[in-house]
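**Q** Take the two lone chains, each set in its own frame, and fit them into one complex as the hints suggest.
Listed in order, the protein sequences are those of chains A and B.
Numbered per our numbering, the first sequence spans residues 1 to 367.
Numbered per our numbering, the second sequence spans residues 1 to 165.
Read the hints as simulated data drawn from the structure, not as lab findings.
All residues carry an ideal CB built from backbone N, CA and C; glycine is no exception.
Here are the computed distance ranges between Cβ atoms for each label pair:
| # | chain 1 | residue 1 | chain 2 | residue 2 | range |
| --- | --- | --- | --- | --- | --- |
| 1 | B | Tyr6 | A | Met126 | 22 to 32 Å |
| 2 | B | Val125 | A | Leu10 | 45 to 55 Å |
| 3 | B | Ile8 | A | Met126 | 21 to 31 Å |
| 4 | A | Tyr43 | B | Ser75 | 47 to 57 Å |
| 5 | B | Gln29 | A | Met251 | 46 to 56 Å |
One-sided and incomplete, this derived list gives chain B residues near chain A with beta-carbon spacing under 8 Å:
| # | residue |
| --- | --- |
| 6 | Thr17 |
| 7 | Ile41 |
| 8 | Cys96 |
Output of the computed footprint for chain A on chain B, the stretches with three or more beta carbons under 8 Å from beta carbons of chain A:
| # | segment |
| --- | --- |
| 9 | 101 to 110 |
| 10 | 150 to 157 |
Below, each chain spelled out in residue letters.
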Amino acid sequence: MVIKTEPIILNIGPAHPSTHGVFRMRTTLDGEVIVEMEPIFGYLHRSIEKLAEERTYTGFIPLTDRLDYLAAMSNNLAYCLTVEKLAGIPVPERAEYIRVIIAELQRIASHLIAVGAFLQDCGAFMTPFLYMIREREKILDLFEMVSGQRLTYNYMRFGGLSQDIPDEFLPALRKFVDQMPSYIDEYDQLLAENEILLARTKGIGILSRETALNTSASGPVLRASGVEWDIRHADPYSIYPRFEFKIPTGMVGDCYDRYWIRIQEMRQSVRIIKQAMKQLPPGPVRSTVPWLIHPPVGEAYAHVEAPKGELGFYLVSDNSIAPYRCHIRGPSLINLTALRDMVVGWKIADAIVIFGSIDICMGEVDR
Amino acid sequence: MKFEHYGIGIAKGLTVTLRHLFRHPVTVQYPDQRLHTSRRIRGNELVWNEEKCTGCATCAQVCHIGAINIVTSPSRATNTYTVEKYEVDTGYCIMCGLCVEACPFKALYMGYDYERAKYRSGDLVQTKEMMMTTPEKHISGYFYPELATRLPMQTLLLEKVKEEE
Numbered sequence: 001m002v003i004k005t006e007p008i009i010l011n012i013g014p015a016h017p018s019t020h021g022v023f024r025m026r027t028t029l030d031g032e033v034i035v036e037m038e039p040i041f042g043y044l045h046r047s048i049e050k051l052a053e054e055r056t057y058t059g060f061i062p063l064t065d066r067l068d069y070l071a072a073m074s075n076n077l078a079y080c081l082t083v084e085k086l087a088g089i090p091v092p093e094r095a096e097y098i099r100v101i102i103a104e105l106q107r108i109a110s111h112l113i114a115v116g117a118f119l120q121d122c123g124a125f126m127t128p129f130l131y132m133i134r135e136r137e138k139i140l141d142l143f144e145m146v147s148g149q150r151l152t153y154n155y156m157r158f159g160g161l162s163q164d165i166p167d168e169f170l171p172a173l174r175k176f177v178d179q180m181p182s183y184i185d186e187y188d189q190l191l192a193e194n195e196i197l198l199a200r201t202k203g204i205g206i207l208s209r210e211t212a213l214n215t216s217a218s219g220p221v222l223r224a225s226g227v228e229w230d231i232r233h234a235d236p237y238s239i240y241p242r243f244e245f246k247i248p249t250g251m252v253g254d255c256y257d258r259y260w261i262r263i264q265e266m267r268q269s270v271r272i273i274k275q276a277m278k279q280l281p282p283g284p285v286r287s288t289v290p291w292l293i294h295p296p297v298g299e300a301y302a303h304v305e306a307p308k309g310e311l312g313f314y315l316v317s318d319n320s321i322a323p324y325r326c327h328i329r330g331p332s333l334i335n336l337t338a339l340r341d342m343v344v345g346w347k348i349a350d351a352i353v354i355f356g357s358i359d360i361c362m363g364e365v366d367r
Numbered sequence: 001m002k003f004e005h006y007g008i009g010i011a012k013g014l015t016v017t018l019r020h021l022f023r024h025p026v027t028v029q030y031p032d033q034r035l036h037t038s039r040r041i042r043g044n045e046l047v048w049n050e051e052k053c054t055g056c057a058t059c060a061q062v063c064h065i066g067a068i069n070i071v072t073s074p075s076r077a078t079n080t081y082t083v084e085k086y087e088v089d090t091g092y093c094i095m096c097g098l099c100v101e102a103c104p105f106k107a108l109y110m111g112y113d114y115e116r117a118k119y120r121s122g123d124l125v126q127t128k129e130m131m132m133t134t135p136e137k138h139i140s141g142y143f144y145p146e147l148a149t150r151l152p153m154q155t156l157l158l159e160k161v162k163e164e165e
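For reference, chain B alone in the conformation it holds in the complex (with noise of 0.2 Å):
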């Protein structure tokens, strides 16, 4: 085909290249430089509240995956059950939040921190003991709202990136 202006397409494709040369770079060192996730961010751990939970295993239920495994035993005395054995299986969860969003005690959150990974597949059951609920765990505010204006705000590429005058 033929061209009537040859290589004035590429000179001006070349200046958007140049005017690239002068902007704020968009990326991130990671390992070292790290910025702040979403606050609804779904992370690769369960955190359980012991005390609101009442073993009823609406979220064994709803999983489609069937990554959770919950064990209970009915007492007679208080009329409660005692949850015996609760695990996930992160290794098979797939982080869709459908667990979180079921519960209807609200004894069940999503784990704001991330880099879960493990060498053997069988460190990535959670137990019971792991899913609890301590100072050091960060809980995010996937579902929970009220628990989200507690975390840092996410850091957004939108802002990040001077627009040049």
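Okay, chain A solo, but in the shape it has when bound (with noise of 0.2 Å):
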């Protein structure tokens, strides 16, 4: 006997525990298995980009924070340096030092919760996700340090940084670098081998590498899928070109993958940290731009390799104190319409983790 089946719509979302935020997915199920996907977005908009225009450009520096949440100081880096390469400004040596030590301890918090919140989706109930947050809480810690601010730094100014960091960070700052290598290790321990992880995630929502480019995904979504472009070797910013660190890339494209590289540039990161303590100069942070600046007429873009992808601002400058326009490339929205490509022919549990393994932020998405 043949059982006829007809395809039903189930909205998953958009106050679901495991869509990181208000998103929906409108699927059509034939049974278990998807046959469509529509990803809706668009609850948390609050019109960063408008908001832009009518703010000073050093007054906006504080809402590039709320994009993405979980790598503010990223954002700040991005829009302060698309600022300076608008209107000019030189940025002292020992403020760019600084900048790349507090972007990559940034890039290794954000990791973190990425990977925990993938794990939890799995079903791994707060054990991982609770181990990850007590290594962020470190960060955060240094965070607080520098800037004053626990999620909301505010701390990058054009021309340099707010403030210099104070004499007890880099001590332990050190102490953070030695510690988290052997954290690093213990996740390796827990997870890597572990066979429920391997059986939900290994070969599942591949990513080939046509589809990965022609989204133009980024991040460690692309590298997943075996390519390697990474803005720091591809486009160089800042003083990365001083830094020796590997690009890791995966074989496959699946789940496992986009986890795996997570966890292998935290290491690099690290790398990266305690080749720029080594070099950091003294000297002066900030160098004297006035609050309101005009920038010649013009435009500009600069990006950064964000955790989740290539940050990218866009400004248009009329010669007055705001911007005329403020165009932000947030890495989550582009990574999020490979997401269709991903999911369909799984089931609904594999969805949940295929969308956990995007590590997407729902500030950044609907700006």
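**A** Set out below in structure tokens:
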């Protein structure tokens, strides 16, 4: 006897615990298999791009914290680099080094959350997540020490940083980078050979190299598909050419590769921080920049390798105190467009895992 | 998919969990036990120095939220401005600290204390009298490193956690 099945529509979200924010997946199911998926977002829209047009250039820095709130320092860095490019502001040497240290610490913190939340989506209820939160807490302590805030740092300024690092920062950072590799080894021991994790992620949600390139995905999602593309290497900004690090790439492009890449990138980030600490020069951390800047008429685009991928700011100036147009190229939104290609053909439970492996932050998707 | 050594990976993971049992706890019971915050904390209040303030309103200009409300009147005799009204609506304020950095006369500071929740949104407005420096009010070292040295050192989780030998 043949069972006749009919496709049904199931809404996952917008307030589902595994959707990392207010995101809705309208899935068409045939039994348990997804035949069609439509991502629906926009629930968290705050019109940040428009707000930039009615603020001064400096006044927009605190709002960039609220884009990808798990990696606020990277957003600060990207915006400041864009304005510095637009207005031609020099940055002191010491500030560049501290920026690199801070950005790499932020990458570790964001990847810890990404991996932890991904494992939680796989069904490991809370244990790995809390292990990773513990290490992230140490990074947040360091950020609190330099900037005074734990989530919305507002630390970088045009032409440097808001203030120099305190004296107790470097000993604490040294302690952290000494500890961190052993903790990453611990995660490997906990997870890398775990049969349940392998069964849930190996070969699931494969994103082919061609699809990844066509959707212009970036960050760990792209590198897991085997494309060696990292803006720190491909289009170096700040002082990244001075450091030695590897770009881990995956072979298959499945969920396990995306998880594995994040673990490897944390090791590379620790490596970069160690090199930057050795070379850290003394000197000023902020060049003299007026509060109201009038960049010359023109446009600028600068991008950084944020933890989630390529984060770019596009600014158009009309020689006034506020940008004429500000566009933000958020990695989460672009990576999310590859989701449909990954989940179609898999079951609902796999869709949750695949969605978790992309590592999106809804604050950046909707802006 | 096939596994040769089924169960080894889970057992390995469990050893990590077991080791965790003998670790020092990293959490504290918050309202009873408190950690020292950062010396540069941007607490939920602003501290204002009346003597140093000239009423130039740079802070209100820099504030991109529009939370600072300042009214001044010129006095011809002394050639200065008198600050008649100085109000900060901490309900709107996002504690970005830009006003403190912009103040050219070092008259504005961030507060060190936190927990400033109120029952009514109108109570969140800080008036001139509430913002003045008093002996029991702590000033944060944000943007003023010389003030930070008076404050207790920040408790770091990094130092709280004893590494297993």
